[in-house]
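Colleague: In order, the protein sequences belong to chains S and E.
According to our numbering, the stretch in the first sequence is residues 12 to 120, in order.
According to our numbering, the stretch in the second sequence is residues 3 to 114, in order.
Just so you know, these hints were derived from the structure itself, not from any lab.
Check before you lean on any hint, since a few could be wrong.
[Unchecked claim] Here are the simulated lysine to any residue pairs, SDA-like style, with alpha carbons at most 20 angstroms apart:
hint, chain 1, residue 1, chain 2, residue 2
1, S, LYS56, E, PRO98
2, S, LYS90, S, ALA28
3, S, LYS56, E, GLY29
4, S, LYS53, E, THR26
5, S, LYS53, E, THR112
6, S, LYS56, E, LEU48
7, S, LYS53, E, VAL14
8, S, LYS107, E, LEU48
9, S, LYS56, E, ARG44
10, S, LYS56, E, HIS7
11, E, LYS82, E, PRO10
12, E, LYS81, E, ASN65
13, S, LYS53, E, LEU48
14, S, LYS115, E, PHE90
15, S, LYS56, E, GLY97
16, S, LYS107, E, SER52
17, S, LYS53, E, ALA42
18, S, LYS107, E, ARG44
19, S, LYS115, S, THR35
20, S, LYS56, E, ASN34
21, S, LYS115, E, ARG44
22, S, LYS107, E, ILE77
23, S, LYS56, E, THR30
24, S, LYS56, E, GLU28
25, S, LYS115, E, ALA41
[Unchecked claim] Negatives, chain E to chain S, calculated, CB over 10 angstroms:
hint, residue
26, THR5
27, PRO10
28, VAL14
29, GLU24
30, GLU28
31, GLY56
32, SER60
33, GLN72
34, ARG74
35, ILE77
36, LYS81
37, LYS82
38, SER88
Just so it is clear, CB atoms sit at the ideal spot from N, CA and C, and this is done for glycine as well.
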Amino acid sequence: RKEVEQDPGPFNVPEGATVAFNCTYSNSASQSFFWYRQDCRKEPKLLMSVYSSGNEDGRFTAQLNRASQYISLLIRDSKLSDSATYLCVVGGGYQKVTFGIGTKLQVIP
Amino acid sequence: SQTIHQWPATLVQPVGSPLSLECTVEGTSNPNLYWYRQAAGRGLQLLFYSVGIGQISSEVPQNLSASRPQDRQFILSSKKLLLSDSGFYLCAGQGPYTDTQYFGPGTRLTVL
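Just chain S, same shape as in the assembly (with noise of 0.2 angstroms):
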């Protein structure tokens, strides 16, 4: 089993949707857990951080199931400009941490 799984996509979803995004995970000494967002051909951007109680920014909403192991990503209101793909990322403490393949949003007109 990998580290990090995630569903690669591509998800094609209308303006204006919400799309929800899983990642599981293995290690379940892990401790922090994030949201990256990577445009074509540039570097990965954090998104968000995930914590136990969930946190919402916006339009986004990250959570975490400890007990399943997955994190969670939700999106509400797509724009055009959320067209990405989104990398969950698992760590077990200050120094590694394992990136997902990175699951793949297109948004259209």
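Add chain E to chain S, keeping to what the hints say.
Modeller: Only chain E this time, still in chain S's reference frame:
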């Protein structure tokens, strides 16, 4: 906040030629530093990481090496490039006392 600088942005090199990519960090001291490679359509592969000057951990045995001659400088090298070394090379910095990584703009390397 920290800023990661990388250059060059793109590079085309012949097989068998040497490589040197430099990464510098601004805005923080004693960061953890990382080199990743992303092949076309693939995820990020961790190549090396460093927790301090002269301290390098290699994740994948291959044709590359890394060095950290200064606290905020991280260099990726190769003596002889292979076709399989083509990819998007990303430097990332983290910390101290944080687990969030920030990336430089990357170098797109094509080996012909």
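Colleague: All hints are to be evaluated individually against the structure, with a verdict given for each.
Modeller: Each hint tested on the structure:
A distance of roughly 19 angstroms separates the Cα atoms of LYS56(S) and PRO98(E); the hinted pair therefore holds under the 20 angstroms criterion. As the CA atoms of LYS90(S) and ALA28(S) are separated by approximately 9 angstroms, the hinted pair is consistent with the 20 angstroms bound. Of the supplied pair hints, the one linking LYS56(S) and GLY29(E) holds, its CA atoms being roughly 17 angstroms apart against a limit of 20 angstroms. For the proposed pair LYS53(S) and THR26(E), the alpha carbon gap of about 18 angstroms is at most 20 angstroms, so the pair holds.
For the suggested pair LYS53(S) and THR112(E), the alpha carbons sit about 16 angstroms apart, so the restraint of at most 20 angstroms is met. With a C-alpha separation of about 16 angstroms, the suggested pair LYS56(S) and LEU48(E) falls inside the 20 angstroms cut-off, and the hint holds. Of the pairs offered as hints, the one joining LYS53(S) and VAL14(E) holds, with about 18 angstroms between alpha carbons and a cut-off of 20 angstroms not exceeded. Distance check on the hinted pair: LYS107(S) and LEU48(E) sit about 9 angstroms apart at the alpha-carbon level, within 20 angstroms; holds.
A C-alpha spacing of about 17 angstroms is found between LYS56(S) and ARG44(E), which places the hinted pair at or below 20 angstroms, so the restraint holds. A distance of roughly 14 angstroms separates the Cα atoms of LYS56(S) and HIS7(E); the hinted pair therefore holds under the 20 angstroms criterion. With a C-alpha separation of about 18 angstroms, the suggested pairing of LYS82(E) with PRO10(E) holds against the 20 angstroms cut-off. Taking the CA atoms of LYS81(E) and ASN65(E), the gap is near 8 angstroms; set against the 20 angstroms cutoff, the hint holds.
For a cut-off of 20 angstroms, the pair hint linking LYS53(S) to LEU48(E) stands: about 17 angstroms separates their Cα positions. Note on LYS115(S) and PHE90(E): the hinted pairing holds, with a Cα-Cα distance of about 18 angstroms set against a maximum of 20 angstroms. For a cut-off of 20 angstroms, the pair hint linking LYS56(S) to GLY97(E) stands: about 16 angstroms separates their Cα positions. Distance restraint check for LYS107(S) and SER52(E): the Cα-Cα separation of roughly 10 angstroms lies within the 20 angstroms cut-off, and the hinted pair is therefore satisfied.
Restraint check for LYS53(S) and ALA42(E): the C-alpha separation of about 12 angstroms stays at or below 20 angstroms, so the hint holds. Between the alpha carbons of LYS107(S) and ARG44(E) the distance comes to roughly 19 angstroms, so the proposed pair stays at or under 20 angstroms and holds. For the suggested pair LYS115(S) and THR35(S), the alpha carbons sit about 16 angstroms apart, so the restraint of at most 20 angstroms is met. Distance check on the hinted pair: LYS56(S) and ASN34(E) sit about 17 angstroms apart at the alpha-carbon level, within 20 angstroms; holds.
The suggested pairing of LYS115(S) with ARG44(E) holds, with an alpha-carbon distance near 12 angstroms, which does not exceed 20 angstroms. Distance hint between LYS107(S) and ILE77(E) is fulfilled; the C-alpha atoms sit about 18 angstroms from each other, no more than 20 angstroms. Restraint check for LYS56(S) and THR30(E): the C-alpha separation of about 18 angstroms stays at or below 20 angstroms, so the hint holds. Distance check on the hinted pair: LYS56(S) and GLU28(E) sit about 17 angstroms apart at the alpha-carbon level, within 20 angstroms; holds.
For the hint pairing LYS115(S) with ALA41(E), the CA-to-CA distance comes to about 16 angstroms; that is within 20 angstroms, so the pair holds. With a cut of 10 angstroms on Cβ distances, THR5(E) stays outside the contact zone with chain S, its closest approach being about 12 angstroms. A cut-off of 10 angstroms between C-beta atoms confirms that PRO10(E) is not in contact with chain S; the least separation is 15 angstroms. Even its closest Cβ contact with chain S, about 15 angstroms, leaves VAL14(E) beyond 10 angstroms, as expected for a residue assigned away from the interface.
The claim that GLU24(E) is not at the interface with chain S holds, since no C-beta of that chain comes within 10 angstroms of its own (minimum 16 angstroms). The claim that GLU28(E) lies off the interface holds: its Cβ sits roughly 16 angstroms from the closest Cβ of chain S, which is beyond the 10 angstroms cut-off. With a least beta-carbon separation of about 17 angstroms from chain S, GLY56(E) lies farther than 10 angstroms from that chain, consistent with its non-interface assignment. Against chain S, the non-interface label of SER60(E) holds: every CB pair exceeds 10 angstroms, the least being about 12 angstroms.
Taking the minimum C-beta to C-beta distance to chain S, about 20 angstroms, the non-interface status of GLN72(E) holds against the 10 angstroms cut. The claim that ARG74(E) lies off the interface holds: its Cβ sits roughly 18 angstroms from the closest Cβ of chain S, which is beyond the 10 angstroms cut-off. For ILE77(E), the requirement that its beta carbon stay farther than 10 angstroms from each beta carbon of chain S is met, with the minimum near 18 angstroms. Chain S leaves LYS81(E) outside its interface by the beta-carbon criterion, the shortest separation being 26 angstroms against a cut-off of 10 angstroms.
Against the 10 angstroms criterion, LYS82(E) stays outside the reach of chain S, whose nearest CB is about 27 angstroms from its own CB. The Cβ of SER88(E) sits about 14 angstroms from the closest Cβ of chain S, beyond the 10 angstroms cut-off, so the non-interface label holds.
Comparing the model with each numbered hint stated earlier shows that all of them hold.
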